[in-house]
Each structure stands twice: as C-alpha cells, then as structure tokens.
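Undergrad: In case you want the letters, here they are:
Protein chains: 2
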Amino acid sequence: MSPLLLYGKPCAEHLAESIANSVTELGFAPKLYTIGFDNEQWLQYTTSLAKSATRYSVEVQNITVSQDVLPEEFFKLVKDTCANADCCGVMLQQPLPTEFKQAVNFVDVSVDVDCQNPLTCAKLYYGQDGFRPATAQAVINLLDFYNIELQGKNVVIVGRGNAVGKPLALMMIARNATVTVCHTKTKNLAKVCQNADILISACGKAGLITSDFVNNNTIVVDVGLSFVGGKSCGDVSPEVYDICAGYSPVPGGVGPVTRATLFENLIKAAKGDR
Amino acid sequence: MSPLLLYGKPCAEHLAESIANSVTELGFAPKLYTIGFDNEQWLQYTTSLAKSATRYSVEVQNITVSQDVLPEEFFKLVKDTCANADCCGVMLQQPLPTEFKQAVNFVDVSVDVDCQNPLTCAKLYYGQDGFRPATAQAVINLLDFYNIELQGKNVVIVGRGNAVGKPLALMMIARNATVTVCHTKTKNLAKVCQNADILISACGKAGLITSDFVNNNTIVVDVGLSFVGGKSCGDVSPEVYDICAGYSPVPGGVGPVTRATLFENLIKAAKGDR
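Keeping their order, the protein sequence lines are chains A and B.
Residues 1208 to 1481, numbered by this note's numbering, are exactly what the first sequence covers, in order.
Residues 1208 to 1481, numbered by this note's numbering, are exactly what the second sequence covers, in order.
The hints are simulated quantities; they were obtained by calculation from the structure and are not laboratory data.
Be careful, since some hints might not be right.
Copies of one chain are not kept apart here, so a pair can be met inside one copy or by any two copies together.
Calculated lysine to any residue pairs in the SDA-like style (CA-CA distance at most 25 Å, straight line) [claimed, not checked]:
#1 K1394 with D1419
#2 K1308 with A1257
#3 K1412 with Q1251
#4 K1412 with G1334
Produce the entire structure from the sequences given, and follow the hints as far as they go.
TA: Okay, here's the thing in structure tokens:
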C-alpha cells in the first residue's frame, strides 16, 4: 500500500476558505501587525507574509524599527500597537535581542496570535482557551485535516524547542495522546521512535530520521527545516517514505499550514473568541 | 540483589539541615503565609504545616477566611499579604472555589513558593529560574539525593495533573531525560511503562502499577495517594517491590520531601534567589 501523503496545501486551502467565510461574517479584514528590526531573515518572512495576506482576506502591516531604538521605546511601540483600534493581532520578531526580550510581556493576551506572552503560554500549559504557537497548532491542524486520530496514540516528538516541541507536547497530551519527548540527550533515539504511531520531528537536522526509526504503521510529520546545498529540506531522510504508513514532507507539508494557522488565530482574535 | 529503598526521611532531614544553615545565615526565620477557607482538608494540612515549621526553623502563619468573603476582598487580602514586610512566601488553598481562582494572579512571583501564579508557570515552561511546584520538585530532590542519574534516562510519568505530572514532565525534560507522559487514555499502559528506567506514578489510583509494569532495572517513584480501608496508600502494588531495582514507597517516600521542598523554596524566596 502506498503511504498516505499529508500535503499541506489542501489543508491550508481548507483553512483559507474558512478564514474567508469568517472575514465575510465579520465585515472587515482583520489586521496583523508584525514588529521587528531591520533583520534580513525577519524582513524576508514578514514581506512574504504581507504578500500572502490578500489571498487570506486579511491585512498584514509590518513595522520595522531601527537598530538604535531604546528598549523602553520598543516596549511602548508594542503596547501602543496592541491598543490600535484596527489591531487584531501582534507578532514580534523571534528571537529578539536580549535587552528587548521583555517586549513579549507588552503583547496584549487578546492579540497574542503566536503565543509570545508568558500569560498565553500559561494558558497553553493549563490547557485553557487561548492562542497556541502557530507552527505547533499547524501540526495538529494538518493531522486533523487528514483525520489522523490522536487520542490514545503514541506520539513521539523529536525536539524540545519553545516553537514546536514543547508546546506540541502539551497540546498532544491535552488531545489525549501518550506523548514522548526526545532530544539531543536521548539514548537509542531510533528505538524510542520505533514505538511511535505518530512521529514528529522538529530538530532542523537534515536526514536525522532514517528508516530504522519507523515501521509500516508510523505516520511521520516533518517539522524540521534546514538548507543543504541551497535546497530546503526536513529532518526526515527520503528512504523513510518507502516504509512508513504516511508522511508530511518538507517542503510542502506543515509549512503552508503554519501561515494559514497564524491567520486562523488572527480571525479568532478578531472575533474575540479565544 | 535487594532493591534500593528511596525513603523520604533521610532526604527531608538533609534538606532540613541545609534550610537551618540558610536561616542562620539569613539571621531571621522566613515566614510562609497560607490563605484558605474554612475547609477541613486544607485546615488539617496547614495546621500540620505550621506545627512542623519549628523543626525547619521557619514560620508558618495560616490565614483562614470565612465562606462569605467576596472575591475582591479575597484578592486584596492575597495582594496585601504578599506586600507584608515579613512575608517570604504565600500559598493559596488549592483548588480554590471557581469565583476565587483568579487569586493566583495576585500572588507576587517573588513569593510564589508553590508555583501558583501563571507567570511562575511560564518560567517553569521556559525552563527559566523560578519556583517549581513543591511536590514535583520533591520527586527530583528525592532522586538527586539518592544519586539517580536523570540525563538520557527514559522517564515515564503516569498522570498529567497540574500538581505533579505536567510540571514534572517539563522539569524532567529540562534535566535531559527522555520523557513519556501517560494518562487515563493511554493504551497498553503496562507496555509503555515497561520501557521506563524511572517510572513515576501520580494518579491516586491504589494498586494501578502492578508487576507487569516494571522490570528489574526500573526505579519506581510513587506519588499517588489514596485511602483504602482508612489506610493511606500509593499507586504502586506492593508486589512490584520484589521485582524493580528500587522504589520510593507511600507513605514514607515523596511525602516528607514535599514539605521540606516547600520550605526550601521559602528559603530561596527569603534570599531573593529565584
């Protein structure tokens, strides 16, 4: 049997449709503000985000501050932006320079669409209503879209970062999965991963997941991203695709869903429904 | 080989000694305030806490409020107590009645010795310095006291509650253990537990952990507490003791360490060292 292909595009399109319907209901295009420095990678990301906004019937305004801004000025900007009458979401550059890290505390919880404020994190921790980090939520959205049951499943997550591994572990526990978190200090990683019904890798280490990590019942979700020879690739070695029960590739898997999920959070914020 | 016995008393006594030394250095006895309602279980716990304070060279003052207090009055009491010049720690009754739950937000992070404020939880989540829930920290203290290595070990936690399972999972991940969280929806619980180097049960379900859950290399830490025929007992069935490599029993295991750990947190608060 050929493996189930968990492509991101159909899921992202499904979310886009639901977002467009919500925008029609709302009667206005919700606006996301991004705030960051004149940083190449961040500018590239936010410019592309703004470009895709029209397709999602939402608005994105990127605020770029100069390198010589004072922390207090930056904090005030964050606070004022959250208070803007047309502001439905705010996302700060991650990571922020050390002296600016406290800015996350000024992202109002009601517009914290990428779960940057510690109070929003606490809601995630307690399993209370609130925004979840877009990439972690995108993994769940993708699995839900393809009707992959989570309850009672053995989910193994490779990676314990704040963007994916850690929040996803808590979110999967809340969805009644039995969750194992692995990382660089895990012994016999392949053996631990073999127990997975659903294996999620979020390391950014190309080719880490090889055929000995999976069996023919494993669903593999690749959330890694690295660049090898100028080409983007995930954590999962292509040989795995021939063995496992299903997989979400990189590129073309979780990536497109992440953007849609961020805008889905923006819609929730606009509805005041968190 | 007879199993390693992880009794709590020697660990608690070791912590008590270190606490006494710190109090001598500080030059004053740090004070913990507890705030709760006229609730039998809570009164019993806090009375016993106050009694044991002298042994730990610290002070405990229990504030009991009447059932007809208004939420706003309760919140103000929490806030004012935290601001008391002699206050080093504040612990609120858990769980609080629904309308009073928000009181945790008024426990100042600097005196939040049982990790009740969401901001303290966020520090736990991010692995930042801060107070950890006493019971979860007690499990780590006990294992550390008996020189049980955590890094690279397969730790299986049965239970996903806010008091033990969930915080302990994050704390164990931060200590470089490979962590699996199980719960009521876990399938083949015995099989999952068999993979554990360290098995921690925090369910409150007497006799849940039976001999088929362990092997002769497993260290078992029992954090369950239930009452059967008027006797307190843990989650672990006694037959397990004959098979595993080591165990911490109930009563006599984590229990005594929890109190010492709470007072250890109080010392950290008094030192302003969090």
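Undergrad: Take the hints in turn and mark each one as holding or not.
TA: Taking the hints in turn, this is what the structure says about them:
In this assembly of identical chains, the alpha carbons of K1394 and D1419 lie at most 25 Å apart whether taken from the same copy (14 Å) or from different copies (23 Å). For the identical chains of this complex, K1308 and A1257 are intra-copy neighbours only, at 24 Å inside a copy versus 40 Å across copies, given an alpha-carbon limit of 25 Å. With identical chains, the CA atoms of K1412 and Q1251 are at most 25 Å apart within one copy only, with a shortest distance of 22 Å there and 53 Å across copies. When the C-alpha separation of K1412 and G1334 is checked against a cutoff of 25 Å, the pair qualifies only between copies, where the shortest distance is 23 Å, while the shortest distance within a copy is 30 Å.
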